[in-house]
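**Q** Turn these sequences into a full structure, and let the hints steer you where they fit.
First to last, the protein sequences are chains B and D. Take the first sequence: its letters are residues 232 to 590, numbered as in our numbering. Take the second sequence: its letters are residues 1150 to 1300, numbered as in our numbering.
Be aware that a few hints might be false.
[Claimed, not checked] Here are the simulated lysine-lysine pairs, PhoX-like style, with alpha carbons at most 25 angstroms apart: (1) D/Lys1199 - B/Lys433; (2) D/Lys1199 - D/Lys1234; (3) B/Lys470 - B/Lys405; (4) D/Lys1283 - B/Lys250; (5) B/Lys405 - B/Lys394; (6) B/Lys470 - B/Lys433.
[Said to hold, decoys possible] Label pairs and their computed distance ranges (CB to CB): (7) B/Ala257 - D/Gly1216: 50 to 58 angstroms; (8) D/Arg1165 - B/Lys470: 29 to 37 angstroms; (9) B/Gly423 - D/Ala1173: 52 to 60 angstroms.
[What the hints assert, rightly or not] Computed far set for chain D versus chain B, every beta-carbon distance over 10 angstroms: (10) Asp1161; (11) Thr1167; (12) Ala1264.
The hints are simulated quantities; they were obtained by calculation from the structure and are not laboratory data. Here a beta-carbon is modelled for each residue, glycine too, at the ideal position from N, C-alpha and C.
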Amino acid sequence: MPYTIPIGPFHPALEEPYKVSVKCVAETVEQVSVDVGFSFRGIELLAQRREWVPGVTLIERVCGICSNVHSMTFCRAAERIAGIEVPPRAVYIRTIMSELERLHSHLLWAGLAAEFMGFQTLFMEVFALREQVMDLLEAISGNRVNYGMNRIGGVNRDITDPKSAIEIVQAMAKAIANDVVPAFMTSVTARGRMAGTGRLTKEQAIEWGVVGPVARASGVDTDVRDDQPYLAYQELGFKIVTQQEGDVRARVVVRALELLESIRIITDALRNLPSGPLRAFEGMPNIPPGEAIALTEAPRGEVIYYVASDGGRTPARVKIRTPSFVNIPALEAMTIGQQLGDISLIQASVDPCISCTDR
Amino acid sequence: MEQNDAVIPRVDLIARLTAIPGSAQVEERCDGLWMLAPQLDVEAMAREMKALGCRLVTMTGLARDDGETTIIYHYARRHEAINFKTATSGGAIRSLAPMLRPASWIEREIHDFFAVDFVGHPNLIPLIRPPELKDGFFRDPDPSSITPAKQ
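**A** Here it is as structure tokens:
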């Protein structure tokens, strides 16, 4: 006899409010539907009522994990409309901030994944490492969540002590390479819990249009940093991490290996930090009539901003498409035919961000 | 994405894009190709873009003064962004959801914000619209609810 279990929108297993309705026969999932919109804040509409500068502050609040990506992508779209060239030092600082953000986001997710698996020691290990990233972000920006680093035309703050930052990330690299990555890749606990669970084939990944680590774990080698290079990624070089299995374990492995690639990029950027100004101009930006898109690879995948200006004091239109918006619907393909008890692990493997999705 | 890897000379790519029924003008900008196509056959566009190995990234709605909605289809091809700009007619446009899974949520959201009728969408129910608001609340927000930005 089929039965339906509603999970959420408010449930201890979900970090943010969304609803997954699961129809099962015995313990096997037969049908899944996802409802979102429980934390809708109308940020796109609000951004169209804010002037350009306070708009950056508002946009940064789309997400508490990838806040820097949002403000930076909005600034990049505005800079394209206005033809503003960002100084090289600011480009490198944006790159470093983006990769530090990826580092803390992936470590946050890895810690939660360890907890979902019942691997408490790994959870503690990963969160201790994440705290070091948060300390470094705080040392650079003065903040732990909304960093306030981006402005139209550059950045607000400098990185004044790159040598110390290099020492911190190099120490982290050792711990990640020696402890975290092997724990996820070789531990019997991790392998037994994740391998073969929540599979999304390459064909399904393309069909559902998923992005980021979810796509790369299914063998789709897409990454905005490589596809349409921005910031300093072309100069610093970049290697896409992919896996072929498309299961929960593959999503974990992709993120674990991306930690090491992020550390490599951060280190190289800090060592080669150009000298020069932090911003293209002082004072308020003048954004002429026009429109532009900007794409960025957030920790969870591709983010796109469409921004239009009519030459006024506020943007005429701000459209935000976040990676979770396209990754969450694919839960349907990942969960049908799976065991009910694996649902929480599968949905966590997508690393869904509801704040981003609902905006 | 691997299906996007086939190298197509730019002139051939533009020729194929402009051959899509309704494509009127192409602009090469710093953020990719922009096809201006007021009378675009969106289903023909979707078929051709699939054949070219392009991925639908998202769609943007923009309210127009005449009550219609400008719809921009944002596609990605390996190293390039391709955008089609068209408009609704009588508040409606054909849905791509039956052909493209990712279009379903995007169209539901644009329906929430701008009350666009996506003809043929299998399930055009609210996605993120709060129940106390009406479809199209981005189009004509209640002026009394607007707080001007501080000067």
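**Q** Evaluate each hint against the coordinates.
**A** Quick rundown of the hints versus the structure:
Annotation: proposed proximity of D/Lys1199 to B/Lys433 holds, straight-line Cα distance about 16 angstroms (limit 25 angstroms). Pair hint D/Lys1199 plus D/Lys1234 holds up; C-alpha atoms about 18 angstroms apart against a cutoff of 25 angstroms. Of the pairs offered as hints, the one joining B/Lys470 and B/Lys405 holds, with about 19 angstroms between alpha carbons and a cut-off of 25 angstroms not exceeded. This hinted pair checks out: D/Lys1283 and B/Lys250 have alpha carbons roughly 22 angstroms apart, not beyond 25 angstroms.
With a C-alpha separation of about 17 angstroms, the suggested pair B/Lys405 and B/Lys394 falls inside the 25 angstroms cut-off, and the hint holds. Taking the CA atoms of B/Lys470 and B/Lys433, the gap is about 20 angstroms. The hint holds against a cut of 25 angstroms. At about 52 angstroms, the CB distance of B/Ala257 to D/Gly1216 agrees with the hint of 50 to 58 angstroms. Our hint of 29 to 37 angstroms for D/Arg1165 and B/Lys470 holds, since their Cβ atoms are close to 32 angstroms apart.
Range check, B/Gly423 to D/Ala1173: Cβ separation about 58 angstroms, and the 52 to 60 angstroms hint holds. With a least beta-carbon separation of about 20 angstroms from chain B, D/Asp1161 lies farther than 10 angstroms from that chain, consistent with its non-interface assignment. With a least CB separation of 20 angstroms from chain B, D/Thr1167 remains clear of the 10 angstroms interface cut-off, as annotated. Non-interface status of D/Ala1264 relative to chain B is upheld: no Cβ of that chain comes within 10 angstroms, the nearest being about 14 angstroms off.
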